[in-house]
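K.L.:
Full structure from sequences and hints, please.
Chains as they are written, first to last, in the working numbering: chain A, 1 to 256; chain B, 257 to 610.
If you are wondering where the hints come from, they were derived from the structure by calculation, not from laboratory data. Just so you know, even glycine gets a beta-carbon here, dropped at the ideal spot from N, CA and C. It is possible that some hints are incorrect.
[Unchecked claim] Derived EDC-like pairs (lysine to aspartate or glutamate); straight-line CA-CA distance at most 20 Å: (1) K404(B) <-> E492(B); (2) K502(B) <-> E214(A); (3) K502(B) <-> D75(A); (4) K16(A) <-> E31(A); (5) K502(B) <-> D21(A); (6) K234(A) <-> D217(A); (7) K169(A) <-> E26(A); (8) K169(A) <-> E31(A); (9) K16(A) <-> E2(A).
[As the list claims (entries may be wrong)] What follows is a set of in silico ranges between Cβ atoms, one per label pair, in the way DEER data are often shown: (10) L285(B) <-> K130(A): 50 to 56 Å; (11) L469(B) <-> A123(A): 22 to 28 Å; (12) A420(B) <-> S168(A): 53 to 59 Å; (13) P377(B) <-> K130(A): 34 to 40 Å; (14) W473(B) <-> A123(A): 14 to 20 Å; (15) L580(B) <-> A123(A): 50 to 56 Å; (16) P109(A) <-> A600(B): 41 to 47 Å; (17) A178(A) <-> A420(B): 52 to 58 Å; (18) F116(A) <-> F589(B): 40 to 46 Å; (19) S168(A) <-> L469(B): 36 to 42 Å; (20) E438(B) <-> R117(A): 41 to 47 Å.
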Amino acid sequence: MEPILNAKNLVKRYGKVIALDHCDFELYPGEVLAVIGDNGAGKSTLIKALSGAVVPDGGEVWLEGARVHFHSPTDAREAGIETVYQTLAMSPALSITDNMFMGRELRKPGIMGKWFRQLDHKAMEDFARKKLSDLGLMTIQNINQAVETLSGGQRQGVAVARAAAFGSKVIILDEPTAALGVKESRRVLDLIQDVRSRGIPIILISHNMPHVFEVADRIHVHRLGRRLCVIDPKDYTMSDAVAFMTGAKEPEAVAA
Amino acid sequence: MSQSDSYEDIVKARREEKFAEFEDERKGLLHKFHHALHVTPALVPLIVLVASIVIFGVLLGSRFFSPFALTLILQQVQIVGIVAAAQSLVILTAGIDLSVGAITVLSSVVMGQFAFRYGIPVPVAVACGLACGALCGALNGFLVSRMKLPPFIVTLGTWQIILATNYLYSANETIRAQEIEESAPLLHLMGAKFQIGGAVFTVGVVFMIVLMLVLSWVLRYTAWGRHVYAVGDDPEAAQLSGVNVKGTLLSVYMLSGLICAFAGWALIGRIGSVSPTSAYEANIESITAVVIGGISLFGGRGSILGSLFGALIVGVFTLGLRLLGADAQWTYFFIGVLIIAAVAVDQWIRKVSA
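P.N.:
Here it is in structure tokens:
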């Protein structure tokens, strides 16, 4: 099977620091691929190189068999790759709706939208409300409240809802459950299964081993800027995975 | 994982739920007031404006509280008001534009000199002046967005550059009102007066009010307006969520320059002549209006109508104190107090729990 998203020999340096050291990466259609690794292993840089937030110094990225060059997150979004960043990338003073539609606002039909470029607040609010209730984020009182008035978990929920609503080819989730409560984490995991059942593959970066082992089809272990190995969660235990990523144990055969 | 503690099971089953709703049990007047302020930030300067009009009206009676005097205030603040609109846009992106006064005066000089020195048809000269303003703004925007220089430094530099260009180009010559009246009345368009009852309006005043209303609509109801707020709030987050940050910044500075050029046109109408030494106070006065109007200097918060109210508050104090026969320094004294009070109130509103 051809990988839907594929990277070869990615290199990224920040001054003297090498964040990506000839790293390879493959994501197959319909799968949930977890990326695990120690702090500073280069997971976030890898994800940013795939989502356009970082332009790699070397290497190639292929989407559906075609070479792609992302120079900004917008390029990747237009290609159908949607990302939830660890920092969430939301404007605190703006409303939930404004944030969900930032950069892809809906305009009113007819003259007001076409000539005066008026936004269709009603349609955007309805859409945002529906997506939030899909995710079980029922503790949000007002869809027009500013994001800064939400709790950390609610903010993360909104960011995940945004990605799930718009991602068409690949969804990348960077630590999506780190700040969430038990119920919201559960909903995010359910959502990951939902999205997979719709056939959209997901890249999941997480430090939460139970969550990783619950939803992932394959686990990409990242160490020292490159892929150490890819393991099947059915064949290994959580302790094995932690041992690989911290360097306490060498994988016996380098599985590709 | 040990299955002994399956605490997550309870949330695995989806239940039908409604969005949470809470009774608002804050009955206190202060709380309601605080909430109203939080929702509409332009209310504070509006209240101050109305209060100051009432106070001066009581003190001065019909000398102040007449259509003529009140519309005189509008005429006196029109230049600052228009420039404050430009300043507000820039400050909403967490920037500052110190070159607004210089752009205003250079644009007015270009309009005048193009028409008189080169004999270019007046409408074309006006268009050239407007283009000149937009170009100066574009220079600021380019330096801020592409070169990533801090707006304060950029506009501190362009302020001097544009002002020097203005003096060098105009050779410090003033074009007299009489000449303009005779051969280029279009330059006086913004100063044209019309009366409704005792109230006297000028085209420039109407332009200021319409400009403020249009900008506040655009900021609220278009994607570009939302992007201006997002860029001011957190440029990195805006970039990641797909906003063209550089383009937005460039367009804001360009629009700011263009609006300043309109202010330059209004300036000719206001003072009658084209003088390269006018409008030197526009910088600090526009920033004052914006701050009193409740727009945060850190960007992303506030409403542009607040700046209009801020400019009017300054106008009300200036005229009211003059009619009271007070020393002009008292005006500056009270404006200083207002600036500090405005920022203090802003901090109080910010507190979500009061």
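K.L.:
So which of those numbered hints doesn't the model satisfy?
P.N.:
2, 4, 5, 9, 10 and 13
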